[in-house]
Amino acid sequence: MSIRVAICEDDKRYLLALVETLRTDPGLDLVATARDARTALGLVAEVDVWLVDIRLPGMQGTDLAAELRRADANTKVILMTSFPAGYVLDSLHDGVRGFLHKDTPLAAVPAAIRSVHAGLRVGTDVVYETLRRHMESLIVVDPERYERLVGDERDAQLLQLMRRSASIPDMAAQIQLSVPGAKKRLTKMFRCAGVSNQQELLNWLYDPTCGPAHLAGEPTPALC
22 MSIRVAICED
32 DKRYLLALVE
42 TLRTDPGLDL
52 VATARDARTA
62 LGLVAEVDVW
72 LVDIRLPGMQ
82 GTDLAAELRR
92 ADANTKVILM
102 TSFPAGYVLD
112 SLHDGVRGFL
122 HKDTPLAAVP
132 AAIRSVHAGL
142 RVGTDVVYET
152 LRRHMESLIV
162 VDPERYERLV
172 GDERDAQLLQ
182 LMRRSASIPD
192 MAAQIQLSVP
202 GAKKRLTKMF
212 RCAGVSNQQE
222 LLNWLYDPTC
232 GPAHLAGEPT
242 PALC
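Its first residue numbered 22, the sequence shown is counted upward by one per residue in this note's numbering.
Everything labelled a hint here was simulated from the structure, so no lab data went into it.
If you're wondering where the values come from, they're calculated on a predicted model, not measured in any experiment.
Glycine residues also receive a C-beta, built at the ideal position from the N, C-alpha and C atoms.
If a hint is listed, it holds; no wrong ones were tucked in.
With a Cα cut of at most 20 angstroms, we get these calculated EDC-like pairs of lysine to aspartate or glutamate: (1) LYS209 <-> GLU168; (2) LYS204 <-> GLU174; (3) LYS205 <-> ASP173; (4) LYS123 <-> ASP31; (5) LYS204 <-> ASP191; (6) LYS209 <-> ASP191; (7) LYS209 <-> ASP163; (8) LYS123 <-> ASP57; (9) LYS209 <-> GLU221; (10) LYS204 <-> GLU221; (11) LYS205 <-> GLU168; (12) LYS33 <-> ASP57; (13) LYS205 <-> GLU174; (14) LYS123 <-> ASP32; (15) LYS209 <-> GLU174; (16) LYS204 <-> ASP173; (17) LYS33 <-> ASP124; (18) LYS123 <-> GLU41; (19) LYS205 <-> ASP176; (20) LYS204 <-> ASP176; (21) LYS209 <-> ASP173; (22) LYS209 <-> GLU165; (23) LYS205 <-> ASP191; (24) LYS205 <-> GLU221; (25) LYS209 <-> ASP176.
Okay, the calculated beta carbon distance ranges per label pair: (26) VAL52 <-> GLY79: 16 to 24 angstroms; (27) GLU41 <-> LEU64: 16 to 24 angstroms; (28) ALA38 <-> ARG91: 24 to 32 angstroms; (29) ARG212 <-> PRO164: 16 to 24 angstroms; (30) ALA66 <-> TYR35: 17 to 25 angstroms; (31) THR45 <-> PRO190: 43 to 51 angstroms; (32) ASP32 <-> ALA129: 12 to 20 angstroms; (33) TYR35 <-> PRO190: 40 to 48 angstroms.
The task is simple: from the sequences and hints, build the whole structure.
Laid out in structure tokens, this is it:
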């Protein structure tokens with residue numbers, strides 16, 4: 022059975038390009054198009070997946086996504102545009118299942134539709150990088166623990182790279198240390214926090230519900 026798709030996009034040229042792309046895919050059935058939110062909300066066609074521009078005349082795409090989901094909770098929505106992270110975070114609460122930057126090759130759109138229809142979330146490198154930068158700005162640390170743990174700028178850089186799941190060789194290369202030198206610094210951090218690996222260290226530093234290891238019956242950490 023074909024996936025029923027509808028598009029709400031105010032840019033006529035981009036809309037026509039999407040229509041042409043989707044009509045070449047035998048697994049997709051393009052049932053409707055609209056160039057504004059009011060028209061989209063007035064459509065009576067049954068739709069499995071909506072492609073929605075995040076900036077529309079009269080209504081933001083995030084608001085349209087929420088309305089479409091209220092009308093039919095089974096409808097999946099993919100938002101398309103170049104946008105600030107705040108839009109992405111807001112739309113997550115509205116049940117949006119995917120984000121496609123408009124620089125994404127049109128040939129990738131059908132695969133994104135199928136993935137969302139299957140219950141997955143989709144995105145692009147641009148979206149992930151935007152979210153990563155936004156989330157890093159929201160990270161809150163325990164100041165006393167941070168001061169105890171970080172001795173200099175390289176220690177601070179190690180923590181940033183650790184949050185990004187960088188490998189130890191990558192950490193060493195990026196902050197101009199030898200691999201043994203990076204390992205030595207990490208080992209000192211583990212000892213200060215009373216933990217045994219990077220994930221436990223991040224939990225200890227950033228998770229307010231995670232107490233020092235010695236409170237859970239472990240030996241008291243050595244002084245840093």
